[in-house]
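K.L.:
In case you want the letters, here they are:
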Amino acid sequence: MAIIERPAPGIIVPALPAGAPAITPTRTFGALKRPVASTGWKSWLFTVDHKKLGLMYGATAMFFFIVGGLEAVLIRLQLAAPEGKVLNADLYNQMFTMHATTMVFLFVMPMAAGFANYFVPLQIGARDVAFPRINAFGFWCFLAGGIVINLAWFLGGAADGGWFMYAPNSGPVFSPSKGVDFWTLGLQIAGIASLTGAINLIVTVLNMRAPGMSLMKMPVFTWLITVVQFLLLFAIPVITVALFLLTFQRSFGAQFFDVAAGADPLLWQHLFWIFGHPEVYVLILPSFGIVSEVLPVFSRKPLFGYPFVVFSGAAIGFVGWGVWAHHMFASGLGPVSVAVFSVATMAIAVPTGVKIINWTLTMWGGKLVFSTAMKFSVGLIVLFTIGGLSGVTHSVAPSDTQQTDTYYIVAHFHYVLFGGAIFGLFSGFYYWWPKMFGKMLNERLGSWNFWFMVIGMNLTFGPMHILGLQGQPRRMYQWTEARAGEGFFNIAFWNLVASIGSLVLTFGILLFLINIAITARSKVRAPLDPWNARSLEWMTSSPPKEHNFDSIPHVHHLDEFFHRKYEEDPVTHTMREVATAEQILAELERNADAHIHMPSPSYWPLVLAAGLPIVALGILYSIPVAIVGGLVILYAIYGWSLEPSVAADSDYEGPSSNGHEVGATHG
Amino acid sequence: MVETATHDAHATSTGLSNVKLGMWLFLGSECLLFGGLISTYMLYRGRVSDGPTPEQIYDIPFTSVSSFVLLMSSLTMVLAVSAAHKRDDRGTNLWLTVTALLGATFVGGQVYEFTAFYNEGLGFTTSLFGSSFYTLTGFHGVHVTVGIIMLLAFVAINKRSRVPGSKSESVEMIGLYWHFVDIVWIIIFTLVYLIPV
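Same order as they appear, the protein sequences are chains A and B.
When you line the first sequence up against this note's numbering, it's residues 19 to 685, in that order.
When you line the second sequence up against this note's numbering, it's residues 127 to 323, in that order.
Hint data in this document are derived by calculation from the structure and do not stem from the laboratory.
Some hints here could point you the wrong way.
What the hints assert, rightly or not - Chain A regions said to be covered by chain B (calculated; three or more residues, Cβ under 8 Å):
(1) 57 to 71
(2) 113 to 121
(3) 225 to 236
(4) 455 to 466
Said to hold, decoys possible - Facing chain B, from chain A, some residues (calculated, C-beta under 8 Å):
(5) Tyr-184
(6) Gln-273
(7) Val-277
(8) Gly-280
(9) Leu-289
Ideal placement from N, C-alpha and C gives every residue a C-beta, glycine not left out.
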């Protein structure tokens with residue numbers, strides 16, 4: 019039922035008793051005719067193509083990255099000098115809450131989802147994901163969620179409780195504006211995107227690999243994305259529960275976090291961090307996957323210890339469930355819990371260390387090519403290791419108790435998230451840009467982009483270690499000259515350095531945006547295999563055709579593409595080139611599959627997702643509106659489930675199909 | 127190799143169809159949803175403020191009967207799946223309808239129970255016990271209701287021969303969901319009603 023196949027003319031629609039009327043959208047319950055445009059805005063709006071959706075995820079996430087980045091700059095401007103006047107206390111609270119929410123839920127997660135959408139099917143030699151319509155639905159949910167969360171800015175103020183929204187501070191007494199309501203409902207909608215995406219990608223990876231591609235021949239990026247999807251699959255429902263409880267309290271008077279009624283505020287903390295700690299691996303593992311693709315290519319060596327990288331990734335996926343309470347050491351859990359979670363936190367550093375060692379040894383003795391993608395990957399190894407080391411210090415509960423809610427924590431997670439997750443994503447941009455758009459990003463500008471980001475990020479987040487150990491509290495909206503201290507540890511100096519650093523960082527990212535603009539205007543096409551790459555996504559045209567591969571490749575090796583290009587010389591034991599990328603592609607084209615069935619576009623994902631924010635706004639403003647939203651959802655589900663899994667011939671024009679909607683023979 | 131026919135596209139690496147694998151994953155995710163709700167209830171079940179305690183309001187014999195009705199609906203669901211595999215349309219529709227009726231009886235019992243509890247003084251906002259009890263059992267009730275809608279919608283569509291894709295697989299998927307919701311009820315009934323505070 020998942021893949022909607024476009025039948026070649028003449029193929030009889032199966033699964034119907036003979037003589038029964040053909041199921042066409044015009045005959046289903048009030049359903050719309052299937053959209054067929056393959057160019058123009060309609061082809062994007064109703065697409066179910068995993069590559070288009072990947073780009074849509076990426077573009078939307080990039081927009082939110084800029085929004086979240088500007089919020090960060092405002093925070094740093096406020097803290098640059100004593101008694102900052104840029105923001106007032108209330109606006110400052112909204113700013114740091116929305117900065118974190120935007121970066122975590124609306125940038126890093128969807129950007130990784132974009133890469134996963136685009137490259138997982140290509141890397142496993144599939145033509146699309148398992149459930150293309152659900153894939154489109156996921157994107158629209160993410161967009162709807164992002165809009166709902168940010169709508170609060172214009173409707174009485176955004177959420178202001180910090181990204182983990184601790185109870186009882188998030189209750190109606192302490193957060194009276196509707197900001198928190200928008201936040202819970204928006205995240206709820208965005209969560210649907212993560213959950214459906216997780217199911218979709220896991221099924222795709224488990225079920226739709228090209229013949230011969232066993233699990234241990236899968237590229238590491240696909241492996242780690244799969245681990246991430248399992249984390250999401252089991253973590254999202256937990257935050258869903260927490261968000262429901264909070265919504266019920268705020269909108270319907272339930273008492274879950276009402277301490278006066280005897281509630282336990284730790285309930286929220288546990289639910290949040292049972293989600294929240296797997297979530298940090300959700301943020302970092304896709305970047306680990308990208309680095310594991312980039313380093314072998316630019317070291318001209320296979321990945322060192324492939325099984326170790328895979329299994330350490332899976333180990334992180336398991337142990338990641340047993341460390342959540344290290345976020346809560348200051349809450350008085352008792353010695354047994356603290357000891358257990360301390361040890362678990364130390365243990366989870368081991369599989370991460372395994373990866374660092376594997377990456378380093380991949381480069382060892384390799385013929386290193388320092389392209390921009392490689393620079394960002396090496397940058398990740400160095401910066402993430404620094405962040406990882408400060409992270410291990412948090413497993414020591416007594417010192418963690420001192421560091422809790424100081425800038426030391428802020429420094430730590432920006433090293434792992436900016437220096438880790440975001441550097442990995444940038445590495446992916448430079449590495450895969452020619453694949454996605456057929457054009458190379460400018461390497462010289464890329465180099466400037468990289469160095470400004472490295473210097474900017476160290477200037478911004480490095481001093482925060484000092485600020486935190488000096489006791490500057492996280493989320494403090496002003497500091498005073500009188501309490502700044504003196505000498506090397508003067509927080510006035512280091513705050514100023516951090517603020518200057520944030521401007522350097524902003525300039526670095528501006529260079530990236532300029533690079534995109536220059537590349538978009540350039541007419542120079544990228545070579546077919548610009549990096550001498552190793553995995554299947556490069557064994558097709560750039561950008562790939564709608565059906566990805568002319569013929570589905572049979573896989574015999576890890577790094578299949580590399581092994582088709584190179585063979586070992588039996589005498590000298592060196593690799594020699596036996597085929598070029600162009601020759602391999604021409605070979606695939608000669609053997610092109612006769613009938614290629616691609617999923618057809620659909621209106622329903624967009625209609626269904628559009629119902630959700632209507633319900634959300636209805637809950638907040640007027641219940642009748644919510645009912646209207648509910649009806650939209652019901653209508654969309656009905657139309658969706660009746661949309662034939664095999665598109666009828668009458669949905670398409672015959673041989674002269676040129677993408678226009680024609681042939682409305684059924685009225 | 128050249129991919130020649132439509133059915134080739136359905137050969138999967140695991141041998142399970144995409145839909146079935148997807149449904150199993152979804153149900154795995156649902157376990158954590160109910161896990162979170164059950165934990166919340168277990169934490170708060172003794173915190174009754176000035177409202178009634180669980181012992182004062184639970185009517186164990188009544189809920190046992192409605193639980194039995196729900197469990198029997200799993201049996202009729204199995205019969206529906208079996209009829210669907212035999213391509214017996216009449217049997218499928220019959221057993222699906224019976225399943226939906228049994229499910230509706232259970233939901234009706236829950237509505238009666240909620241009304242009775244409310245009249246005895248346990249509102250949604252009365253106490254932590256009240257909030258968490260109604261949330262947990264309410265979420266389960268919504269799941270049963272969604273199941274009933276799926277069952278009846280399938281019967282309606284099937285009667286007009288408009289089921290897209292494989293009929294028996296669609297019935298099987300509804301069945302997986304239905305059994306899952308039943309199993310969750312066994313856990314909820316044991317933890318919420320049978321184990322004393």
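K.L.:
If a hint holds in the structure, say so; if it does not, say that too.
P.N.:
These are the hints, each one checked on the structure:
A stretch counts as covered by a chain when three or more of its residues have a beta carbon under 8 Å from one of that chain; for the region 57 to 71 of chain A and chain B the count is 0, and the coverage is violated. Here's how the region 113 to 121 of chain A fares: 0 of its residues keep a CB closer than 8 Å to some CB of chain B, so the rule of at least three is not met and the hint is violated. Counting residues of the region 225 to 236 of chain A whose CB lies closer than 8 Å to any CB of chain B gives 4, so the stated coverage by that chain holds, three being the minimum. Check result for the region 455 to 466 of chain A against chain B: violated, 0 residues qualifying (beta carbon to beta carbon below 8 Å, three or more required).
Residue-level restraint check for Tyr-184(A) is violated (minimum Cβ-Cβ distance to chain B is 16 Å; threshold 8 Å). The beta carbon of Gln-273(A) is positioned within 8 Å of a beta carbon in chain B (closest approach about 5 Å), and the interface hint is therefore held. Hint on Val-277(A) is violated. Least Cβ distance to chain B is approximately 11 Å, over the 8 Å limit. With a least beta-carbon distance of about 5 Å to chain B, the hint placing Gly-280(A) at the interface is held under the 8 Å criterion.
Checking Leu-289(A) against chain B by beta carbon gives a least distance of about 6 Å; that is within 8 Å, so the hint holds.
Violation of the numbered hints given earlier is confined to hints 1, 2, 4, 5 and 7; the remaining hints are satisfied by the structure.
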